[in-house]
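Visitor: Listed below, chain by chain, are the residues.
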Amino acid sequence: MATTLTLKELSKKEDRFTHGHRMCSGCGAPIVVKIALMATDYPVVISNATGCLEVSSCISEFTAWNVPWIHTAFENAAATLSGVETMYRSLKKQGKMDREVKFIAFGGDGGTYDIGFQSLSGAMERGHDMIYICYDNGAYMNTGIQRSSATPLGADTTTCPAGSVIPGKLRSRKNLTKIMAAHNIPYVAQASPSHWQDFAKKVQKAHEIKGPKFINVIAPCNRGWRSKTNDAILLSRLAVNTCYWPLYEIENGTTKITVTPKQKLPIVDFLKPQGRFKHLFSPENEGLLTQVQDEIDREWEKLLKEAKTD
Amino acid sequence: MAKVVAVTGNEACANALRQVNPDVCGIYPITPQTDMMQRFASYIADGKVDTESILVESEHSSMSACIGAAAAGGRVVTATSSQGLALMWEMLHIASGDRLPIIMPVVNRALSAPLNIHGDHSDAMGARDTGWIQLWSENGQEAYDNTIQAFRIGEHMEIRLPVMVCLDGFIISHSIERMEYLEDQEVRDFVGPFKNFLPLLDLDKPKSYGPLILTDLYHEYKRAQHEVMTKVKDVVLDVAKDFEKLSGRKYGIFETYRLEDADIAIVILNSAAGTTKDVIDEFRDKGIKAGLLKPRLFRPFPFEEVAEALKHVKAVCVMDRADSFGGYGPLFMEVASALYPLERKPLLLNKVYGLGGRDYLPSHAAQVLTELHDISRSGKVNVLKEYIGVRE
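Chains A and B, in that order, are what the protein sequence lines are. Be aware that the first sequence starts at 0, since it is given in numbering that gives the first Met the number 0, and climbs by one per residue. Be aware that the second sequence starts at 0, since it is given in numbering that gives the first Met the number 0, and climbs by one per residue.
Please note that the accuracy of each hint is not assured.
What the hints assert, rightly or not - To give an idea of the interface, some chain A residues facing chain B are shown, with a C-beta separation under 7 Å as derived from the structure:
1) V54
2) I58
3) P67
4) S81
5) A306
To be verified - Keeping only pairs whose Cα atoms sit at most 25 Å apart, straight-line, the calculated DSS-like set for lysine-lysine is:
6) K288/B x K384/B
7) K276/B x K288/B
8) K276/B x K92/A
9) K47/B x K91/A
10) K206/B x K33/A
11) K92/A x K384/B
12) K204/B x K92/A
13) K95/A x K384/B
Simulated from the structure, these hints should not be mistaken for laboratory data. Where a beta carbon is used, it is the ideal one built from N, C-alpha and C, also for glycine.
Sequences and hints are given; from them, build the entire structure.
Guide: Next comes the structure, spelled out in structure tokens:
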């Protein structure tokens with residue numbers, strides 16, 4: 000029986016990702032991990048790409064993981080887990096294992112959108128029974144806020160700095176969620192820690208579907224976003240309510256928006272509290288700000304149409 | 000009962016893997032390894048093994064998946080060549096650092112650029128510092144025998160390290176030879192059931208694989224890897240003893256040929272050793288005391304034993320089918336290091352031969368032996384490192 004998704008029930012569950020990890024105060028990533036593991040009512044094996052989460056959760060003889068956990072390198076959380084899952088299937092087939100086990104890979108956007116993209120695509124195409132969860136904070140935060148293909152248009156990072164000639168990132172984000180959907184895998188979703196119940200439901204649902212699943216979760220990083228330490232939930236909620244980060248799922252090809260903002264807020268509400276977008280509010284970058292809003296409107300309209308058609 | 004067959008090196012290795020019946024294998028094509036693992040894929044398709052395959056999208060993912068599978072707890076194999084091994088490089092260190100006994104035939108092939116699919120040793124020599132045990136094979140029989148023994152060596156509870164079994168691309172991988180197969184049951188009994196060590200799938204005792212370890216303990220982990228390598232040699236010899244009882248074929252950490260009383264000697268790996276032995280016989284017939292040393296265990300390198308075997312020789316040529324540009328050939332560097340502590344050292348030469356599948360002919364061996372014979376009398380080495388068989 001899946002745990003009822005109420006705080007009362009969830010609070011009774013044993014922590015599988017424990018306190019004592021060394022993630023920054025206010026980081027979104029451990030919230031993502033905690034929700035995903037609370038929504039997992041099975042024995043689970045975790046694979047973790049190199050990144051903030053990995054370097055901060057298992058150091059020397061200390062580990063924050065109360066479940067089997069493996070990290071090998073940066074670009075291969077999916078490939079590594081595909082090996083673990085294949086060994087599980089082999090042992091099960093040979094009668095050497097009988098328990099039902101679930102498999103989750105965690106990677107940041109660098110390890111997922113960029114360097115781990117091939118490994119992820121391969122594992123999904125091969126049909127391994129696993130959930131890949133990307134915690135997307137929009138840059139290589141672990142190495143000090145470098146631009147990735149998940150970095151939003153206009154953002155100031157250390158490798159696309161907002162300078163006197165170039166105003167930050169000039170390219171739009173890659174839409175990885177849609178790319179994963181194009182793999183025709185049975186379940187793809189976007190989620191946010193601000194909407195924990197929606198996210199937990201998606202994880203529970205994904206576990207009940209056999210085969211490869213992908214969930215993309217926004218994970219605010221106050222260091223990289225240059226926002227207040229206690230704003231992770233506020234900012235991820237604003238990401239949803241401005242439709243910068245729509246909450247939806249694509250199950251067997253059918254798109255469903257799972258949370259529709261009561262009132263679609265202007266993107267500036269999401270951008271304003273973040274230092275990485277500060278330069279967009281100078282008069283000379285007005286055009287870029289308009290471009291950001293236009294793009295979000297266009298993508299949201301597209302998603303609404305897809306959800307309607309399906 | 001042994002069965003006499005006529006098969007290629009690739010087929011022999013695939014058959015050894017079938018007989019061992021591993022739990023998981025990674026499969027990705029690369030010339031000249033491709034037909035080894037495609038043969039294995041057909042064993043899976045025909046239900047001849049229990050193995051689950053992972054048909055990966057690159058060699059990097061192949062080694063990553065093999066690491067995941069081996070950490071999960073079971074017997075894991077893959078095979079590769081050349082660029083494939085180069086692409087795995089990062090993960091090779093992780094397989095050995097995590098002490099996972101993955102077994103991998105490496106069908107030796109040149110590295111780009113220029114692109115070349117033929118046999119040389121640049122690939123495996125480029126991986127010599129990755130912490131893997133390396134066994135080298137002169138022919139299909141040795142590749143088959145080494146593959147079977149590799150499981151016992153790598154999976155030994157005192158060792159737990161991955162093993163590469165090296166065989167020459169095309170020359171061995173694609174040439175049909177007469178050789179002997181063991182019975183399936185004999186191989187299974189010899190290799191034995193896989194023994195787990197801290198498996199990830201032990202759900203009740205969760206383990207964390209692959210921590211961050213900085214200045215406090217990293218150095219100690221690496222020393223542990225160094226120390227385990229010092230134990231490998233004895234295990235290789237013990238396993239070889241058992242294997243001899245089973246097969247009648249004797250293996251050591253290297254092979255010597257007419258070396259005991261030799262004045263001059265060639266040190267050479269893999270298939271070229273066969274050609275060299277024939278030419279040594281011709282020189283012996285002429286009254287010149289020539290001999291050969293063919294390393295089998297290249298990692299760890301048996302320094303003391305190699306020095307002992309070569310100490311009486313007047314002049315030695317170490318022949319490399321790979322180069323460390325700007326340095327000496329990789330095999331030469333090991334042999335030179337082995338001989339350095341001797342009070343009376345043989346004179347040393349380094350010849351680079353056969354890159355990118357360039358033929359190694361009896362005339363090349365004769366040329367080297369003639370030069371060694373001259374050096375043994377004059378005591379003078381003119382050019383220490385030189386390419387032979389070059390089109391000028």
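Visitor: Tell me, which hint numbers fail for this structure?
Guide: 5, 8, 11 and 13
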